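S.K.: Listed below are the residues making up each chain.
There are 2 protein chains.
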Amino acid sequence: MPNPMQDSIQEPALHIIGTVHSDILRIEDAPKFHAESDRIGTLEILPEYQEGLDGVTVGKTIVVLCWFHQADREVLRVHPRGDKSKGLRGVFATRSPMRPNPIAVSELKVLAVDGCRIEVSGLDILDGTPIVDIKNKPEKSS
Amino acid sequence: MPNPMQDSIQEPALHIIGTVHSDILRIEDAPKFHAESDRIGTLEILPEYQEGLDGVTVGKTIVVLCWFHQADREVLRVHPRGDKSKGLRGVFATRSPMRPNPIAVSELKVLAVDGCRIEVSGLDILDGTPIVDIKNKPEKSS
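Protein chains in written order, with our numbering: chain Z, 1 to 142; chain S, 1 to 142.
Isolated chain Z, as found in the complex (with noise of 0.2 angstroms):
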């Protein structure tokens, strides 16, 4: 049963539209972000979205959002990028994965698209991730 309080704005629950294939199977392995990645994936999005992917075509780029479940959110300090001869800080001057909402930012290469699956490069996320959106990657304004 779908709870009205989970749409509430105080807590407001996400819906999940698809699932990251990659290769990356342990946190240990994956890239500490994106711009360091040249590994290749899919994006499997669910059915009941694929309507909202018209438009995401080859050669873009794309802004994705995801959800790491896998990570602590009750963490508020951290060591940046696991090296602890940094010292703490706080998580939101960080791109961890660990903080209050552990959603991840990726920007990430259209190379096919083939209805609900979208290949991609540029992969940083563990396969398994939840995929929570997806949008047009800004142009700079000049």
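The set of hints was computed from the structure by calculation and includes no laboratory data.
Certain hints may be false.
For chains that are exact copies, the list does not tell them apart, and a pair is met inside one copy or across any two.
Here are the simulated DMTMM-like pairs of lysine to aspartate or glutamate, each with C-alpha atoms no more than 20 angstroms apart in a straight line [unchecked claim]:
id, residue 1, residue 2
1, K137, E107
2, K86, E51
3, K84, D29
4, K84, D54
5, K60, D38
6, K86, D54
Model, not experiment: these values are computed from the prediction.
Chain Z is already provided as a structure; the job is to place chain S on it using the hints.
M.R.: Relative to chain Z, chain S alone:
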């Protein structure tokens, strides 16, 4: 009472970490996106999350994720940027606030930090919008 189902992988619940204070009071007044805005406003973070701000300092660019609580979550096709001459496009190929999970991604410049309050420029977000995350902006790798 918290509902344990809210933290399931299927429908994770977001924690609101703060609120945007801006002079953008109506959707019609909002810039279409942040690259076009030089507006100044304040991010007010809840005290229980203040520790996570350690390292957010003047001059940095931060990536701010907000929850567009007024957006229609059922829409999967829109006229890009509201321009009806352009025809409909899937929401995932646009930056429309309407989408299954209406999370806005904005890059804002930090002008001042005072405890739980961060003054920023580049704001494109309605006054009163809930904040769900703040990240360091990744540097471009060469």
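S.K.: Under the constraints set out in the numbered hints, which ones does this structure not fulfil?
M.R.: Violated: none.
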